[in-house]
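Undergrad: If you want the building blocks of each chain, they are given just below.
Number of protein chains: 2
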Amino acid sequence: MSGDRPGEDDLVRLIRELVRRRAPGLLTGVGDDCAVLETRGGASLLATTDLLVEDVHFRRRWAEPADIGAKALAVNVSDIAAMGGTPRWALVGLGCPEGTGSDEIEAFYEGALTVADAYGVVIVGGDTSTASGWVVSVTLLGDAARPVLRSTARPGDVIAVTGTLGQAAAGLAILERETAPHGIEAARLDEVTTAHLRPRPRVDEGRWLAGAGGVTAMMDLSDGLATDLGRLIAESGVGARVDVERLPVAAATRIVADALDVDSMDWATGGGEDYELLVVCEPTALERLHDGLAKATGTTLSAVGEITGGSGTRWLDGRGRAVAVAPGFEHFRG
Amino acid sequence: MSGDRPGEDDLVRLIRELVRRRAPGLLTGVGDDCAVLETRGGASLLATTDLLVEDVHFRRRWAEPADIGAKALAVNVSDIAAMGGTPRWALVGLGCPEGTGSDEIEAFYEGALTVADAYGVVIVGGDTSTASGWVVSVTLLGDAARPVLRSTARPGDVIAVTGTLGQAAAGLAILERETAPHGIEAARLDEVTTAHLRPRPRVDEGRWLAGAGGVTAMMDLSDGLATDLGRLIAESGVGARVDVERLPVAAATRIVADALDVDSMDWATGGGEDYELLVVCEPTALERLHDGLAKATGTTLSAVGEITGGSGTRWLDGRGRAVAVAPGFEHFRG
Chain D
0 MSGDRPGEDD LVRLIRELVR RRAPGLLTGV GDDCAVLETR GGASLLATTD
50 LLVEDVHFRR RWAEPADIGA KALAVNVSDI AAMGGTPRWA LVGLGCPEGT
100 GSDEIEAFYE GALTVADAYG VVIVGGDTST ASGWVVSVTL LGDAARPVLR
150 STARPGDVIA VTGTLGQAAA GLAILERETA PHGIEAARLD EVTTAHLRPR
200 PRVDEGRWLA GAGGVTAMMD LSDGLATDLG RLIAESGVGA RVDVERLPVA
250 AATRIVADAL DVDSMDWATG GGEDYELLVV CEPTALERLH DGLAKATGTT
300 LSAVGEITGG SGTRWLDGRG RAVAVAPGFE HFRG
Chain A
0 MSGDRPGEDD LVRLIRELVR RRAPGLLTGV GDDCAVLETR GGASLLATTD
50 LLVEDVHFRR RWAEPADIGA KALAVNVSDI AAMGGTPRWA LVGLGCPEGT
100 GSDEIEAFYE GALTVADAYG VVIVGGDTST ASGWVVSVTL LGDAARPVLR
150 STARPGDVIA VTGTLGQAAA GLAILERETA PHGIEAARLD EVTTAHLRPR
200 PRVDEGRWLA GAGGVTAMMD LSDGLATDLG RLIAESGVGA RVDVERLPVA
250 AATRIVADAL DVDSMDWATG GGEDYELLVV CEPTALERLH DGLAKATGTT
300 LSAVGEITGG SGTRWLDGRG RAVAVAPGFE HFRG
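Chains as they are written, first to last, in numbering that gives the first Met the number 0: chain D, 0 to 333; chain A, 0 to 333.
Simulated from the structure, these hints should not be mistaken for laboratory data. There are no misleading hints in this set.
Covered by chain A, according to a simulated footprint, are these stretches of chain D (three or more residues, beta-carbon under 8 Å): (1) 42 to 54; (2) 112 to 126; (3) 138 to 152.
Yeah, the Cβ is synthetic: ideal placement off N, Cα and C, and Gly gets one too.
Working from the sequences, and respecting the hints, build out all of it.
TA: In structure tokens form, the structure reads like this:
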């Protein structure tokens with residue numbers, strides 16, 4: 000972001016300060032993946048909202064209406080997953096240019112419903128408007144028996160991630176090009192572009208981890224490890240050390256990075272929209288969680304570092320030397 | 000709307016059809032003011048969302064950021080009011096152009112919080128993005144002991160409205176002009192422009208009416224009486240008769256209409272954004288509801304017609320002759 004306009008984290012601080020003045024009793028709201036609300040019946044309700052804007056979060060050149068609908072649902076489902084919750088109800092707002100065909104609008108909702116169906120979500124409401132470009136707002140509500148927050152990491156805990164990192168950034172790099180790079184198999188290209196267009200939020204993984212015991216904090220990786228880990232440790236009032244050589248990077252991501260002359264580690268640390276889980280756990284729980292998660296869901300949990308005292312993240316190479324990591328990007332603008 | 004792009008009601012039908020295929024057990028969702036959800040604790044939760052887009056729902060030329068924030072909250076609060084509910088939690092998404100100052104963004108949230116405070120709403124989450132113009136999405140959650148639907152009107156019931164009609168349309172007509180018309184007191188102009196910029200949703204009224212007994216159906220008037228009554232009777236499978244001379248129109252609205260050479264009745268039937276309640280009640284309950292509502296809230300309830308068999312609305316003048324009513328507008332586009 001540029002000029003006087005504050006960045007997303009500044010805005011979160013601003014909004015939280017404004018809200019805190021009025022609602023001192025609200026413990027988890029602005030700043031975590033979801034707000035945790037106590038409903039009249041005494042149940043915990045999770046609520047999260049995301050706004051997706053054409054040419055900020057996607058381009059119509061490479062995102063079909065069905066992709067936009069699917070992703071808008073998925074990124075919200077991921078926020079529920081990040082707290083170990085079960086997504087239940089969605090409200091979907093859609094703005095699109097006058098003259099947009101009903102076939103495109105129907106395709107958008109079909110895309111959204113494909114993801115909703117896959118995760119047991121019912122779309123219960125919405126709103127539509129004309130707009131100069133496509134803009135989508137999704138609010139998702141869910142349940143959680145014991146929501147896992149991002150503010151409860153403790154020094155000595157292990158930092159781990161599900162799946163692999165940087166794949167969505169590799170996909171975005173391919174989508175943004177006019178032509179595909181030479182010498183990469185189509186299946187590899189599909190793998191990374193699909194990771195970007197159709198992320199698969201880790202609901203089963205989040206729920207299993209929240210219920211397994213030993214997980215002390217969790218969030219989803221939407222803006223890249225550097226940015227999101229920075230948020231988690233700031234919320235928890237701790238520091239972090241990450242061993243960059245332990246970051247899990249898929250073969251397809253490495254191949255695309257090599258072809259585009261990019262360091263895949265930059266995508267693994269700074270690339271957004273992987274929608275993997277950033278998991279903080281007790282050191283003694285790591286092996287049990289790793290094995291149990293693999294058995295329950297087939298998903299790998301990789302330890303990548305440790306929560307420390309102090310503040311900020313130290314990034315270390317294989318020899319324990321500090322390495323510079325690019326600040327996380329905030330989508331592709333400007 | 001033009002070309003192949005469906006209107007809002009077409010979209011509601013489309014979305015409902017898509018959703019119904021998947022969630023046959025969901026009784027009240029897309030199509031009413033709010034979705035009614037059963038939470039795990041057994042309580043009824045109301046959920047509604049609205050998308051407000053620059054140059055569709057407001058213009059920056061005459062709407063300050065605080066106005067935009069206030070109205071975005073208010074129109075959602077009105078949806079909760081329309082079911083007799085109590086608004087509780089809001090999630091606010093904001094997109095605005097790169098370079099927007101933090102003072103403007105803070106003013107937006109201050110405007111939203113002013114309305115939130117006034118109605119006991121806590122803003123618990125949100126999202127921000129750059130966008131080509133201002134775009135706001137608000138999702139509001141609330142409670143209702145006995146939500147009043149729009150689909151339960153019966154032939155013989157009385158049709159009534161709270162407050163007055165057409166005032167927001169008068170305000171919009173003034174705001175859209177380059178210069179104010181001559182010969183109207185500033186206080187009158189303020190009255191109608193404030194009605195447009197800062198609508199006051201009828202939460203106390205809706206809750207009182209829902210609890211008083213005798214109200215058979217209710218909704219809020221966001222798109223004008225002609226459009227919204229059309230929706231209510233379509234959902235209820237009934238027809239309606241409206242006596243246009245009984246429509247309550249404020250003095251300021253008449254004065255502005257005269258000055259602009261507009262028939263104020265066109266604003267009363269076709270003008271949107273009044274955010275009054277459209278109330279359908281048993282004929283025997285009318286007098287009790289009228290007197291009780293005035294005593295409890297100071298707000299007038301005016302009978303304007305009757306639910307009939309058949310379908311569609313017949314508009315009659317003081318001599319019982321059919322009059323033509325312009326179709327409701329869908330905001331100011333094109």
